[in-house]
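J.: Join the two chains, each given in its own frame, into one complex according to the hints.
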Amino acid sequence: MKTIQVATTINGDSAEFVCGHDETLLDALRNRLGLTGAKEGCGTGDCGACSVRLDDRLVCSCLVLAAEAEGARIDTIEGLAQGETLHPLQQSFIDLAALQCGICTPGILVAAKALLDRNPEPTDTEIRYWLAGNLCRCTGYDKIVRAVQDAAAKMRSA
Amino acid sequence: MALDSSSKRVFKVVGTRPPRPDGVDKVTGRALYGADVSAPGMLVGRILRSPHAHARIRAIDTTAAEALPGVKAVVTARDFARLEGDKIIDMGEDRTSLRDVRDNCLARDKALYDGHAVAAVAALTPEIARAALKLIAVDYEILPHVIDVDAAMRPDAPVVLAGRAHENVPGGMSPNVTNHSEFGHGDLEAGFAQADRIVERSFTTAATHQGYIEPHACLASVTGDGRADLWCCTQGQYNVRDICADLMGMQASQLRVTASEIGGGFGGKTVVFIEPVALLLARKSGRPVKIVMSREEVFRATGPTVSASIDVRIGMARDGRITAGEAVLRYSGGAFPCETVDMGAQAAFACYDLRAVRTLGWNVLTNRPKEAAYRAPGAPQAIYAVESVVDELCQGFGLDPLEVRLKNAARKGTKSSYGPTFEAIGLEATLEAAKAHPHYSAPLGPGQGRGLSAGFWFNFGGNTSVSLSVNTDGTVGITEGNPDIGGSRASISLMAAEELGIPYERVRTAIADTSSLGHNDVTDGSRVTFAVGLATIKAARDAKQKMCARAARIWGIDEEAVLWEDGAAKPSGPNAGDFPPMTLAEIAAVSFKTGGPIAGHNEAHADGAGVSFGVHICDVEVDRETGATKVLRYTVIQDAGKAVHPDYVEGQMQGGAVQGIGWALNEEYIYGEDGRLQNAGFLDYRVPVASDLPNIDTVILEIPNPGHPYGVRGVGETPIVPPLAALSNAVSRAIGQRMTRLPMSPPRVLEAINAGR
Chain A
1 MKTIQVATTI
11 NGDSAEFVCG
21 HDETLLDALR
31 NRLGLTGAKE
41 GCGTGDCGAC
51 SVRLDDRLVC
61 SCLVLAAEAE
71 GARIDTIEGL
81 AQGETLHPLQ
91 QSFIDLAALQ
101 CGICTPGILV
111 AAKALLDRNP
121 EPTDTEIRYW
131 LAGNLCRCTG
141 YDKIVRAVQD
151 AAAKMRSA
Chain B
1 MALDSSSKRV
11 FKVVGTRPPR
21 PDGVDKVTGR
31 ALYGADVSAP
41 GMLVGRILRS
51 PHAHARIRAI
61 DTTAAEALPG
71 VKAVVTARDF
81 ARLEGDKIID
91 MGEDRTSLRD
101 VRDNCLARDK
111 ALYDGHAVAA
121 VAALTPEIAR
131 AALKLIAVDY
141 EILPHVIDVD
151 AAMRPDAPVV
161 LAGRAHENVP
171 GGMSPNVTNH
181 SEFGHGDLEA
191 GFAQADRIVE
201 RSFTTAATHQ
211 GYIEPHACLA
221 SVTGDGRADL
231 WCCTQGQYNV
241 RDICADLMGM
251 QASQLRVTAS
261 EIGGGFGGKT
271 VVFIEPVALL
281 LARKSGRPVK
291 IVMSREEVFR
301 ATGPTVSASI
311 DVRIGMARDG
321 RITAGEAVLR
331 YSGGAFPCET
341 VDMGAQAAFA
351 CYDLRAVRTL
361 GWNVLTNRPK
371 EAAYRAPGAP
381 QAIYAVESVV
391 DELCQGFGLD
401 PLEVRLKNAA
411 RKGTKSSYGP
421 TFEAIGLEAT
431 LEAAKAHPHY
441 SAPLGPGQGR
451 GLSAGFWFNF
461 GGNTSVSLSV
471 NTDGTVGITE
481 GNPDIGGSRA
491 SISLMAAEEL
501 GIPYERVRTA
511 IADTSSLGHN
521 DVTDGSRVTF
531 AVGLATIKAA
541 RDAKQKMCAR
551 AARIWGIDEE
561 AVLWEDGAAK
571 PSGPNAGDFP
581 PMTLAEIAAV
591 SFKTGGPIAG
601 HNEAHADGAG
611 VSFGVHICDV
621 EVDRETGATK
631 VLRYTVIQDA
641 GKAVHPDYVE
651 GQMQGGAVQG
661 IGWALNEEYI
671 YGEDGRLQNA
681 GFLDYRVPVA
691 SDLPNIDTVI
701 LEIPNPGHPY
711 GVRGVGETPI
721 VPPLAALSNA
731 VSRAIGQRMT
741 RLPMSPPRVL
751 EAINAGR
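Protein chains in written order, with the working numbering: chain A, 1 to 158; chain B, 1 to 757.
The following block holds chain B by itself, in its conformation from the complex (with noise of 0.2 Å):
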């Protein structure tokens, strides 16, 4: 059977901007998102929260409540299975442990953050539930907090967890630095020594929530002879079965989870929050349970992103080559130690070919909710400080910064900052595109600013599991195991139809429960499109060959003799024999006949994942009497690989471009001198509405990732890595005032022009 170049395919079905098959149940109000089920009998589940930043939990009284007619249940952190050990889970872009999970799921000795789940109720009413909740008697022994990333590595600062700190943590600093990363390689100081010009900056972004509209909501079912059903909505229901099986003591086996329609994650929907503490009631209750968070929750409770604090220092000579770079990042991902600094210091300088680079990572804990990722998790703070202090070496020497990006661009070849080499990248491709556009070239009007910004994200495959069934009507099954965040299904689709040589309109994907399928990571990493897409495509190839037997079978000639090509097994040439084409369709009628049942399966770690750069051009406006800043033109340039579906690529480029803006201008979390949030709620953290933005441009590059068949790379994270320089260097350039905090709300722009007077 003859496999695929991927360079030089001519493709059918890929590449062509099909209707997605969930597209009409998602227009009527049909598709069912995780608050849209009940079960009969069901009760309602509601989640007492600490209303301290910090504080030893020395008792909880639950017998009033308890004792409320139509309270059926209630649980606090005792109720969980005892864990015999401890445990990391791997999500891909995050690591975490299994006690952290529980006891960020219900507090155990201390609450950590405004917040913080402490126990929970399941009643026959909602009513019911919010008064057995103010019957719940917590004695809190108030403790100092600390929610800053730099006061918290102060070593008077308040410990919020102590003895977490990973062995490579030097000694002597405060406990609550639990893991430092470095990376780099060449002569630092000789590097600094050959710069005409060193720009020092350090920069601070607040953290962001990813701001899905749906809140996390669940229904839990467990039954007396210890099996159970969970419905959620999740980006991995397996990931979710696991964690909870485990906490709960049961099988993995008896728990089947399934995961409901998502309504958006970002990352912020690969952990559990309320799941375990659904199926807690539903076992004491002996009813099924539904949990749905209130939006208040889902920002107290759910992981934000790390906040940080940066320092850069970046060397160039005259004609625009960087000669050395170094950058100290500072990120803290709430109340439970956590890696992501490890991401933000490998993608830092990225984008760039350097002869001497050091990046060097701490994580340190402070009174916040546990981070979750958030696209490209740790990258986007990164690159935003390294990306504004090369724009401002730019501008210091009067430099175009396309140009110097382009002289300094990683390749293929480039041994990057974080230690691999690069293979074929569309860097450089992507900058000739930007500089090609005319978006680059446009006037500027008086007041305006223009900025620009390069970025990058790993991606990733992951463990993936796909079957595939050849129907006897000639039609296809697929069962894949990650949830739909954002038209995957039609992705899916069309690489199977490609693949098989049949029309997308025979395809169906449908996403299993945790019973029905092998194992899936969760969907993250933009690993669907490609992970899920590579075992499609060798399900599907699985399938041929079996075809192809059958065919041989039929004719009665050697299975190596047969091939597949457009959709029907073949001879292979005029020595195999002279027999007709079989399509799909003709093999799958006499199946049953043959031998049976077809279908292709494959289950596998999927390696190769290619990386993906974007660049990024904004124009803004600034409002120098309100400090408000107006977003005029905003073009995104992204190499994708291959575009299975152009028009989700772009979307993934405008939505994830979006959030960045929002990033860089209006969100962030906002905490009193009580460490409690202040602006738990859409109204005031404001994320960004149809009428702040422009249409958002988008050029689509195919540049091939060679670990992929048809050269799919990952797209979904990268595009919100560069907004946020892209935005602080057009609004630096506007103003004439470097800016180097995030968000540039109003009033800190204000601060700014003021300065500079």
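Chain A on its own, in the form it takes in the complex (with noise of 0.2 Å):
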């Protein structure tokens, strides 16, 4: 089967990795690059568990074909801390017991790092409608949104 040579910068790191032509972005990081924190909930774009940012926009991995990241930049959950600091909403998310089984977690602080980065001060409305495509079964999405709320306001007094 023919393969495609792609190179991308992954949490700021170049990386380089070869793929097939249908394969997709989340694939290529999980079974290329050992990235697993991006999680395959349905493959179908519809529950978010795969989120990731490519060049700042806040997508499916699992509907961008890997090619595509070629020459992109690729941000995902691996990359939000620095180090042994926790970004502040995965700090928030623990405090406020933001998670249950914690399969959906990856996803949605990543989606919530995007709404953050174009509003640092959304209303509960707007985190609720911006998460709209993560899906969490466990918590019912209130200590989600409280959460999100928490490291909005640390951030925004940091």
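The hints are simulated quantities; they were obtained by calculation from the structure and are not laboratory data. Glycine included, each C-beta is placed from N, C-alpha and C at the ideal position. Mixed in with the good hints there might be a few duds.
Some chain A residues flagged as far from chain B (calculated, every beta-carbon gap over 10 Å) [to be verified]:
#1 14
#2 54
#3 59
#4 73
#5 122
Label-pair restraints from in silico Cβ distances [said to hold, decoys possible]:
#6 B:226 x A:4: 39 to 45 Å
#7 A:34 x B:559: 52 to 58 Å
#8 B:751 x A:16: 57 to 63 Å
#9 A:45 x B:604: 44 to 50 Å
#10 A:129 x B:395: 33 to 39 Å
#11 A:45 x B:754: 34 to 40 Å
#12 B:581 x A:56: 56 to 62 Å
If we take Cβ atoms under 7 Å as the criterion, some of the chain B residues that face chain A in the derived model are [stated by the list, open to error]:
#13 23
#14 31
#15 214
#16 263
#17 647
T.: Here's what the structure looks like:
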């Protein structure tokens, strides 16, 4: 089968990989680069568990071809913390118990970061609509919304 | 050693809200779930599934698939070990036959539902595996199918499986009727004769799926000398081991099962689907095999809830006293026999103190996937129907639905509708708290409705093993065997710290594989915080006793003259001797010189799980143009016995409520005329998303469970029970028409609105 060579930047580091022509970015991240933080919950763009950023755009990596990463900048959950220092969103999710099983958490954190980058002071409703593409089956979303607000407040006062 | 009494205890650690020990792993993407591990030389496993709802399998020809380059193994049901007799597998909330589990993993003579697995391949790549599936030729003889529970009970209905009726099912019924149960007490007709009004209604509820975001995944490795390792996402690794060992003809000791982090389960990961198949492929190919289900496979072939058809008849006196209650429940647990209806029949009237009550349950086979437990299995449907009729009676008499529930509430000493007499329970306190909550008295706007429902779940204990090691640096390691599905490592650590009198941060709780610890029942029945907590407390007491003995030896006094207090061994009184207390760390530091390592353990069947009640209040607004329902406000009030980590108790209450909201408003398995599932994806099977919902307010009550030293009750399941009726009562009041079918999707609500015009 014909393969494609891809040169890209992932979480600030340059990375190269070979992929199939029909391979998704999610599969390349998980199976070729060992970055299993993005999860496959549906493979059809309905659950958001595979959310990553592609040149700052929030995408479902199961709906992006791996070859589209050529020359792009990819940011995944693995790049959110700075070394041992958690991002305020990550800390707030732990502090406010905004995760139960945790399978949706990486995608929700990546999506929430994308929201706060463009809107540092969202309303609850804005958070709920922004995260409407990220399914969580455990929490009922209540503590997630509160944790995003908590992190946003801390980031504004930082 | 002084033991505590539950009710007056002052807690130091239990009841606080520290960060969970697996938090950092889960917010950084480091936590490893079912699909996240690989092995050298690993093959990809894929499963071929029946496109027919019901078909005889005349032959399966795998030769072309086997000949495809890159295919390393093909298996069918014939590859399973020959079973000598059958066996009942008890999983607390689910009892099933080993043969049925086997035949569900790979169909033998008939494909019984759309999506039923018929064969599987292991290949070098996903592309080759997919191509190989297309080369497997299955000769199907298509048979008539039946999907609807009521249709399947008719004498002329297509027969899903013959000869499976339990002996208590009367003769002359359709062979699809497999189970029957009856509960209750008192003189029903006398009770109805005392009623000023009797309401009789029929209800249906759709099958819904647990909807965990992580699809089933596993990695199997089998060596030529009869040993095997299995990594999988499951709610119970011991159960997986026992079933797989039987199906493979292996010794349980030679199969080590490790539970991955689990991405949701809600009961749906208490059974096996792909694990035995991956082991077969691994054995046949001699290489590790990984199988990951697609979302479509999860919907088509893993357990949804039962679908239900229910008749309820309740008599009420003018003052709100319920004089008699009767329910007939017809549940379908899919293509294999299923006992969930028993739990529905027991739970239906559990919230009430009744002199005359009777429930009858029937389980019926249909060409649907085998039901799997889903949070309080069987109870939400039954209680939905009962709570709807109670609400209608309240409306008819102009009575406050909360006052009526208080008037009839089960309390300590009530002979429950399912037999046992209740001990200390929290229903009245929960109802009083609902009455006092500002939500209940807040004004409603036009087009809005408020619904109320009580709910109940039994909760389970079960077989549990815990090992607790005291490390020489004064820290403590706990090994337990139940996958952490919602923060249980934190609550187990809290209880150990409380009992030992040391900081939470010094305890680490790990979840063992099946070779590292004795048996543990699956994570179900809201049993983990109760039963594993109980075993942890007992293991800690065992360790404390041993540490007291070490201190006694060091001090040269009798063991009985030493007690444990505030994290240290102390002489029990002035007569025992004058020695400064020795802390856990001090005793641990010298343990190698005083008799060796110190550990505590406990292996037991935990009894005494206290029942749990909840009350939900819900406000909705219905759009009369579209039939869409918006949830405006939602409050959950529940008795937790003792909330060990209140954040995660609230999380259970909120999450369960939202799953119930989805069940009430949107979620359903939709079948076509051809018996095939039409909405096997999250786009068409719509679970609640963040923008559908308000905040979910919670009130935790603590009425101690006498069966647990800290008073803990299970909390995970009760919250999914009340939302169905709370929503239905709210919508019915908002539109002025009684709703009797779930889900209340916009077309159905619109239909009801139009019928009332």
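J.: Next step is simple, just say for each hint if it's right about the structure.
T.: Hints, one by one, checked against the model:
1. The beta carbon of residue 14 of chain A sits about 20 Å from the closest Cβ of chain B, which is more than 10 Å, so the claim that it is off the interface holds.
2. Under the 10 Å C-beta cut-off, the non-interface status given to residue 54 of chain A relative to chain B holds; the minimum distance is some 17 Å.
3. In this structure residue 59 of chain A is separated from chain B by more than 10 Å, as the shortest Cβ-Cβ distance comes to about 17 Å.
4. Every CB of chain B is more than 10 Å from the CB of residue 73 of chain A (nearest about 18 Å), matching its label as outside the interface.
5. Every CB of chain B is more than 10 Å from the CB of residue 122 of chain A (nearest about 12 Å), matching its label as outside the interface.
6. The hinted range of 39 to 45 Å is satisfied by residue 226 of chain B and residue 4 of chain A, whose Cβ atoms lie roughly 43 Å apart.
7. Restraint check, residue 34 of chain A to residue 559 of chain B: a C-beta distance of roughly 54 Å satisfies the suggested window 52 to 58 Å.
8. At about 58 Å, the CB distance of residue 751 of chain B to residue 16 of chain A agrees with the hint of 57 to 63 Å.
9. Take residue 45 of chain A and residue 604 of chain B: their Cβ atoms lie about 48 Å apart, and the range 44 to 50 Å holds.
10. The given range of 33 to 39 Å is respected by residue 129 of chain A and residue 395 of chain B, whose C-beta atoms sit roughly 36 Å from each other.
11. In this structure, residue 45 of chain A and residue 754 of chain B meet the distance hint of 34 to 40 Å, their C-beta atoms being roughly 35 Å apart.
12. For the pair residue 581 of chain B and residue 56 of chain A, the beta carbons lie near 59 Å from each other, so the given range of 56 to 62 Å is met.
13. With a cut of 7 Å, the hint placing residue 23 of chain B at the interface with chain A holds, because the nearest CB-to-CB distance is about 4 Å.
14. Satisfaction of the interface hint for residue 31 of chain B is found here, the shortest Cβ-Cβ separation to chain A being roughly 6 Å, below the 7 Å cut-off.
15. For residue 214 of chain B, the interface hint holds, the least distance from its beta-carbon to any beta-carbon of chain A being 4 Å, beneath 7 Å.
16. Evaluation of the residue 263 of chain B hint against chain A yields a held restraint, the C-beta minimum of about 3 Å falling below 7 Å.
17. Evaluation of the residue 647 of chain B hint against chain A yields a held restraint, the C-beta minimum of about 4 Å falling below 7 Å.
The structure meets every hint from the earlier list without exception.
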